[in-house]
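**Q** The residues making up each chain are set out below.
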Amino acid sequence: MLRAMTSGLIFSVVLFGCATPQKEYSPKEWREAMKDGKSSLWGPLITIEAFDAPRPYAQIAETLRKKSKECLDLTVHSSGMVKHGMYWVRENSRTDYKPILTTEKGKTELTVHGNKNPLYGLDVVPAGRNASRVTVYRAKMGVSNTIHSAVQGWVKGDSVTCPRWNG
Amino acid sequence: MTLPPLALASACLAAALLAGCASGMKTYPDSDQKNTVVRVKSDRGSFFTRTRPDIHLYSVSSACRAEYLGTVKLDEPSIHIGLPIGQTVLLAFEFSSSSLGGNQASSIIEMMTTPRKGIRYEFEVAYQKKSYSATGVEFHQGQSQGREMEHRRLRDCVENKKKASL
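Chain order of the listed sequences is A and B.
Be aware that the first sequence starts at 1, since it is given in our numbering, and climbs by one per residue.
Be aware that the second sequence starts at 168, since it is given in our numbering, and climbs by one per residue.
Keep in mind that the hints were calculated from the coordinates and are not lab data.
Careful, some of the hints might be misleading.
Straight-line distance between alpha carbons at most 30 angstroms, and here's what the computed DSSO-like set of lysine-lysine pairs gives [stated by the list, open to error]: (1) K69(A) with K201(B); (2) K98(A) with K240(B); (3) K156(A) with K297(B); (4) K296(B) with K69(A); (5) K201(B) with K156(A); (6) K201(B) with K28(A); (7) K35(A) with K83(A); (8) K156(A) with K38(A); (9) K193(B) with K69(A); (10) K297(B) with K66(A); (11) K66(A) with K201(B); (12) K116(A) with K284(B); (13) K297(B) with K83(A); (14) K156(A) with K296(B); (15) K140(A) with K297(B); (16) K296(B) with K66(A); (17) K156(A) with K208(B); (18) K38(A) with K83(A); (19) K240(B) with K140(A); (20) K297(B) with K69(A); (21) K38(A) with K140(A); (22) K116(A) with K98(A); (23) K240(B) with K156(A); (24) K296(B) with K105(A); (25) K116(A) with K66(A); (26) K240(B) with K69(A); (27) K240(B) with K83(A); (28) K83(A) with K156(A); (29) K83(A) with K296(B); (30) K116(A) with K201(B); (31) K284(B) with K140(A); (32) K69(A) with K208(B); (33) K28(A) with K38(A); (34) K66(A) with K284(B).
Computed from a predicted structure; not experimentally measured.
Generate the whole structure from the sequences, applying the supplied hints.
**A** This is the structure in C-alpha cells:
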C-alpha cells in the first residue's frame, strides 16, 4: 500500500508537476522507483525504453553536457485564468528546471528536475566504437514528453533545438 | 527564518525580474562602446498568440547579488548594445507569449559573463514555432573564429561562492 502511494506521488509529479513529495529522490532512487512503478497502477503512463544511437559515446556525452546547460537549465513562468466556483481568478506558477549530468566509469546520466523533483532521466553507455546504448525514463505525456522530444533529437543527432516549454 | 543562499539568490532574481517586468521596466541605457550584437529570429506568434523575446540585463556583485540595469526589446533582426567592461553581467533572455484568452507564459534562459576589453560578443536569439534558444559567442579582436559562451545562471554564481568558502 505504502509502495503504491509513493509511486502515485512520484508519477503525479512526473506527469503533472503538481505535487511536492516529502522525500527528495536521488537520480538512482528515482530510476528504481520508476522501474517499480512500471508494474503498478501508473505503469501504462510511464515508459522505460532503450535504443541504440548511431553516434560515438563521447560525442553524445559532450552534446548532452552542452545542450542540457543551454536548454534545460531555465525558469518557466505561466499565468492563466482558472475558474474557482463562480469566479475566474488568475493563477501564477513558476517552475525551475535543473539538469544534473554525471559522467563516470563509461556511463553518462542526465536527470532533469523541475522544482527539485526528478521528471526525466536518460542513461548513455558505449555500444561499440560508433554507437551508444541509451535508456530513457519518462512519462508518456506532459513536460517529460516535451523534454524527451528535444533530447532524443540531440542524442540521435537529428536536431539541436531547445524544447518549447510554454506552448 | 534564514533562507539558504541559493534560495535567496533565486528569490532576489525573481523579485528583480518582477520589479523589472511588472512595474518599472526600463530601457537598457544606450552606450557609445557597442561591443555586442544580438541577432534575432522571431516568428511573432499568430493571430491568437503573441510572442516576444526580450533581454533583461543585471549587474552581478561579488556577493552574487543582481541589480537590474534595464531591458532590451528584441524587435529588430539585429541590435547593437554595449556591455560594461570588467563588470559581471547577467543576461536573462525572456521568451514570453500571451494568448487572446488571457493566458501568459514566459521562459527565462540566463547567461552570465564578465565582458573584457577588445572582445566582441555575438548572441543569436531564436523564438520560433516549436523552439527557442539563446546562444553567445565571444570573439577576440581581429579573429573570425569565436568561442562559444557557457550558459551560467545566477544560482551557479552562488554555488561557486559556496564551494570556494568550504
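**Q** Taking the hints in turn, state whether each one holds.
**A** So, going through the hints one by one against the coordinates:
| no. | hint | in the structure |
| --- | --- | --- |
| 1 | K69(A) with K201(B) | holds (27 angstroms) |
| 2 | K98(A) with K240(B) | holds (27 angstroms) |
| 3 | K156(A) with K297(B) | holds (18 angstroms) |
| 4 | K296(B) with K69(A) | holds (22 angstroms) |
| 5 | K201(B) with K156(A) | violated (39 angstroms) |
| 6 | K201(B) with K28(A) | violated (48 angstroms) |
| 7 | K35(A) with K83(A) | violated (37 angstroms) |
| 8 | K156(A) with K38(A) | holds (25 angstroms) |
| 9 | K193(B) with K69(A) | holds (29 angstroms) |
| 10 | K297(B) with K66(A) | holds (20 angstroms) |
| 11 | K66(A) with K201(B) | holds (28 angstroms) |
| 12 | K116(A) with K284(B) | violated (39 angstroms) |
| 13 | K297(B) with K83(A) | holds (29 angstroms) |
| 14 | K156(A) with K296(B) | holds (22 angstroms) |
| 15 | K140(A) with K297(B) | holds (19 angstroms) |
| 16 | K296(B) with K66(A) | holds (23 angstroms) |
| 17 | K156(A) with K208(B) | holds (25 angstroms) |
| 18 | K38(A) with K83(A) | violated (34 angstroms) |
| 19 | K240(B) with K140(A) | violated (37 angstroms) |
| 20 | K297(B) with K69(A) | holds (19 angstroms) |
| 21 | K38(A) with K140(A) | holds (12 angstroms) |
| 22 | K116(A) with K98(A) | holds (8 angstroms) |
| 23 | K240(B) with K156(A) | violated (35 angstroms) |
| 24 | K296(B) with K105(A) | violated (39 angstroms) |
| 25 | K116(A) with K66(A) | holds (21 angstroms) |
| 26 | K240(B) with K69(A) | holds (24 angstroms) |
| 27 | K240(B) with K83(A) | violated (33 angstroms) |
| 28 | K83(A) with K156(A) | violated (42 angstroms) |
| 29 | K83(A) with K296(B) | holds (29 angstroms) |
| 30 | K116(A) with K201(B) | violated (39 angstroms) |
| 31 | K284(B) with K140(A) | violated (49 angstroms) |
| 32 | K69(A) with K208(B) | holds (21 angstroms) |
| 33 | K28(A) with K38(A) | holds (16 angstroms) |
| 34 | K66(A) with K284(B) | holds (26 angstroms) |
Going through the hint list in order, the structure does not satisfy hints 5, 6, 7, 12, 18, 19, 23, 24, 27, 28, 30 and 31.
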